[in-house]
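Chains as they are written, first to last, in this note's numbering: chain R, 1 to 461; chain U, 1001 to 1461; chain D, 2001 to 2461.
Hints were generated in silico from the structure; no laboratory data involved. As the structure is a prediction and not an experimental result, all values here were calculated from the model. Ideal Cβ positions, reconstructed from N, Cα and C, are used throughout, including at glycine. Among the clues, some could well be false.
Here chain D is said to cover these stretches of chain R; the calculated rule only asks that three of the stretch's residues, wherever they fall, bring their Cβ under 8 Å from a Cβ of chain D [unchecked claim]: (1) 177-189; (2) 299-312; (3) 384-392; (4) 419-432.
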Amino acid sequence: MNRVPSNKMALESTTSNKRETVCIFGTGDFGRALAHKLIQCGYAVVFGSRSTQLSSLIPKDAEVFSHAEAAQKASIIIIAIQRQHYNFLSPLAENLHGKVLVDISNNLKINQYPESNAEYLAHIVPGAKIVKAFNTVSAWALQTGIVDASRQVFVCGNDTEAKQMVMDIVRSLCLSPLDQGALSAAREIENYPLQLFPMWKFPIFLSLVLTTFFFFYCLILDVIYPYVNDNKDFSFFIAISIANQICPILALILLSLVYLPGVLAATIQLYRGTKYCRFPDWLDKWMLCRKQLGLVALAFASLHVLYTLVTPIRSFIRWRISGQTISQALNNKTEELDMTNAWLSDSYLALGILGFFLFILLGITSLPSVSNSVNWREFRFVQSNLGYLTLVFCTAHTLVYGGKWFLSPSSYRWYLPNAYMLSLIVPCIVLVVKFVLIFPCLDKPLTRIRQGWERKPQYSE
Amino acid sequence: MNRVPSNKMALESTTSNKRETVCIFGTGDFGRALAHKLIQCGYAVVFGSRSTQLSSLIPKDAEVFSHAEAAQKASIIIIAIQRQHYNFLSPLAENLHGKVLVDISNNLKINQYPESNAEYLAHIVPGAKIVKAFNTVSAWALQTGIVDASRQVFVCGNDTEAKQMVMDIVRSLCLSPLDQGALSAAREIENYPLQLFPMWKFPIFLSLVLTTFFFFYCLILDVIYPYVNDNKDFSFFIAISIANQICPILALILLSLVYLPGVLAATIQLYRGTKYCRFPDWLDKWMLCRKQLGLVALAFASLHVLYTLVTPIRSFIRWRISGQTISQALNNKTEELDMTNAWLSDSYLALGILGFFLFILLGITSLPSVSNSVNWREFRFVQSNLGYLTLVFCTAHTLVYGGKWFLSPSSYRWYLPNAYMLSLIVPCIVLVVKFVLIFPCLDKPLTRIRQGWERKPQYSE
Amino acid sequence: MNRVPSNKMALESTTSNKRETVCIFGTGDFGRALAHKLIQCGYAVVFGSRSTQLSSLIPKDAEVFSHAEAAQKASIIIIAIQRQHYNFLSPLAENLHGKVLVDISNNLKINQYPESNAEYLAHIVPGAKIVKAFNTVSAWALQTGIVDASRQVFVCGNDTEAKQMVMDIVRSLCLSPLDQGALSAAREIENYPLQLFPMWKFPIFLSLVLTTFFFFYCLILDVIYPYVNDNKDFSFFIAISIANQICPILALILLSLVYLPGVLAATIQLYRGTKYCRFPDWLDKWMLCRKQLGLVALAFASLHVLYTLVTPIRSFIRWRISGQTISQALNNKTEELDMTNAWLSDSYLALGILGFFLFILLGITSLPSVSNSVNWREFRFVQSNLGYLTLVFCTAHTLVYGGKWFLSPSSYRWYLPNAYMLSLIVPCIVLVVKFVLIFPCLDKPLTRIRQGWERKPQYSE
């Protein structure tokens, strides 16, 4: 983090040989912030404005001219004006001929207009070289110099040289330019700052649906059933007991959904005998949001750990345990240690701890800066091998936890299986199919297919 | 991370076409380390030194000359000499005319000299182009090639071309140059490596003051009061019980102090009817260290969670619970489950868990690499919406926890309110003002003001 | 993260002025993926292939020629062919004279061939300028545009200009080039993607050995001893009780091993009276993997925390506590609170919590993106001062935990000391030596030695 606050930085006109002059059309917030930063980095700045009177808000080293005059003074013109005012540029078309126009505009909604703002600008000023840039940067970030969010500046344009000039400016402002190709990419770039976690939408939607389902399922079994059958009020179970059933169930299901598409893809490749066929669209999309699915699963797993660890502090649990102890004391008997119980209890706790520990490791390696410092072999090792190990531990944790109740009829209230039994379906399927795929008779052809071999070759070099 | 250890890397003179020659004045630690790295990256290096005898410590591919001779052989001269020896350069002024001199020196104290070392150098050798660089890099990091700390090299200078040359060298050494503007920025750059968490000073100082206050407050209520009144010795409360009161109190107060300046700023903007007036200085500073305040709050919250979770392991708690159980057993009665109690206990635990979970999420998104991969809309969504939700959960957690004691006179020992009641003041104020600000009659003008609208316009484009 | 999926990005031939033409030999997976990406970024691409028929898999904007023809059309030729087929290039030597050949090949094993692939290529086509690059990038990452692992591209070569051309291409593909020097570095670069956490091998091996030793040690004391002496079956201790002894022991030993080499190095420097002598090789290697040792220690500490926090949920612990309570109730007596016990229990818990908290802080600051945003002074402050404080807290935690048992004969079963006593040896040595080194009579000369002073100077400027 650049902690030298920029407002204290040297803003001097004594810089002996200036960089080139940059022209900015529009003296709004963003135009002024950009001018300030550009001057700081050694550029000369001229403003093009309707009223050429000097405002106190404009950096003192910048000059203000009419649009036509200002355009003459620089080869790069930054259009810090809203799209609806672009029309006023058409009379200036001649002055702007051959200039590099930088479109920095954003919209208010995704796909607000039929064409992107940058393409619209190219349509209005056909002689200029349009480059899209800076739309992901906030005026506030430029002003304060504190860049907590991204320093990335997406740049696109049809003229490579113009793009290069803009990317050089971006670089000298200590931001990271990212070349996104031709101007037609402007649409994507303009939509980018309007996105709100697009990759997270499906995982969060899915977990909301599953949460709702399991909430009512557990409510029926744990609150309504005892109320109807025994007239006991366990409504306070909603706060922790039911939440602590939903969390592990969702964590396990979502974790297994991370590995299901890989298993499906392998099966499809084996069946087709080639890797050169596109997967169905839903599978592609699913594979792209595996990381997010895994992180949502980790969030549920963490909540499960917290909910579980507070168990002995809950007044209900204290009341129940002291009740049991008192009744034993009153009956004047001391129970023997049930060895099976001790083994089961310790095993499922140990399996859960190890599973959660590996899960956290997976989460840490998916942090951008960590995953950026490993090579592909290491990344695959962690995400695939450690990932499956996590799934095995967590599934085993659930199996051992519920082991003794599977065959007990008392766990089928109203003929419904316990909720955690439902959670075991997907992970068990994934693990069984993966186990089958490991056998050499399937693993060998699959490896060859992934290296480019085809059962019925359609393409040969 | 570049894990190819540089000392095993090719250090060959066979590189067919060398980059330019770089001259280094001074054969000390840093000079030698830099020479080593420069040769590795294809530069030719000559040393300027008083004694031209070859030392075994100097990289074998480098040549050593007298200062004047060495200066002739390169256009860039790195001054790896301490400031107090700069005088010897004045006789060389003619040889150094027009050369790029790179000042890499650091001081021992912040603002040790009236002018920065680089400006002092410019004063001694007026004909040269001075560039400040490399002072944030350690010789050790250059030697081992293991760069655990920053790769950032702050560069400043009045001559843009000279600066560009130095930045190119920085880049070829696999470091990231950051242009900081004119040479007058050298002062900031020279102070930078002497800083010790400058942004953290206020949050840590504040939390120390608050910790001390609440420590003695709790000591009086929980240790001295029972000792004076009931002659009971609870001095061991210091280790955990009191710590576990201080931590949540500080977490809540500091978290609310993160959101207080935003609420204040909104109120000021509404009152003034414009956003084009500077906030008072203390408010600006406060807003700049919000992230650090939040992270200190998170640290206290984490400690609170750990302290709470070990509760059932503490021998005092075990003794108290078993004492209660035994006395019930001896009185031959079993308590009924107190439903209100069960609800309250489970609710405040659940609220605390959810609040802490959101708090951890906030902490993760403030990691540089994570915050770098979200756009502004997402960053603001997380830090503002999720942040307020965290504050609501944590405040509710504290309210529910203490709910039943608010009106009980036994909780006012020596007429002093319980400590957690004091902690509720600031968060409640923040939440109430924020709640008021959400109403459309205030939210609408505020939004317009933030978009640039002014009640009494002083400036128009 | 660039979340604009590249397959939706503009892949247009309308880009008005193209960048230079790049030739790719070989139409395999990687060649095609690279071509796709290059075209996207504005390059013209020609393929050199044996069969010049257009395949549907080749990007439509690329042209396919014979090898000789394709080579003529570009100055940069990317050799996307496996090493064993390099021979076919010797007849083309004339066509390739003076061209930049980019070797992107990888091997299947570390040090598979006597010379690196790039040097072998230089041997076959002596007239060309060979540059090694792109071997760390996966075809899949180029295709999908989702770069979860590293964006770093290691580049090396003897011709600086050729290297620069390749690095420019790397940069325009939005990857980060890292200059690794002369072509002889190709060996390291080719081994890099085959590495699997090389820095982690020693710490993990060491912790496996220690885990095995302490597992059997604890097994003998806690399971076999009671079985032999009292015929009691505590085999279920393996799952949690023994694991929770091993974890803290390993965490403490490994943490102290992080600080032992620093203490050794200081002693050696003091003894030798100079810092200009190389340390023994094992010490150098040890110092380079301190970060990894510390993180493994943190992993064990985290497991210890989880294992400890589930204690009150274990059915064995519940059984034991309720047994104690019942027997007290039946004997009709209530125990007094043992103040010493309360103090000891609360102190070791508090020390453990604070130690673990500092340990987590150390772990967070070792995240690449965090350590990258601090300066050297801050980095050293955290890793050295906070690190020693962590070690002090954790050692004190263990000492207080076991304090009362040190002199009790019952803790020496079969004359063996308790396992945690063994774990205290190394940390206590480190802390004692460090404490001695802090004394001014040793600290002053050490500081001077580290600033370059020598007791018997062998080298003078």
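Right, here's what the structure says about each hint:
no., hint, in the structure
1, 177-189, "holds (count 10)"
2, 299-312, "holds (count 5)"
3, 384-392, "violated (count 0)"
4, 419-432, "violated (count 0)"
Figure legend: structure checked against the earlier numbered hints; hints not met, in rising order: 3, 4.
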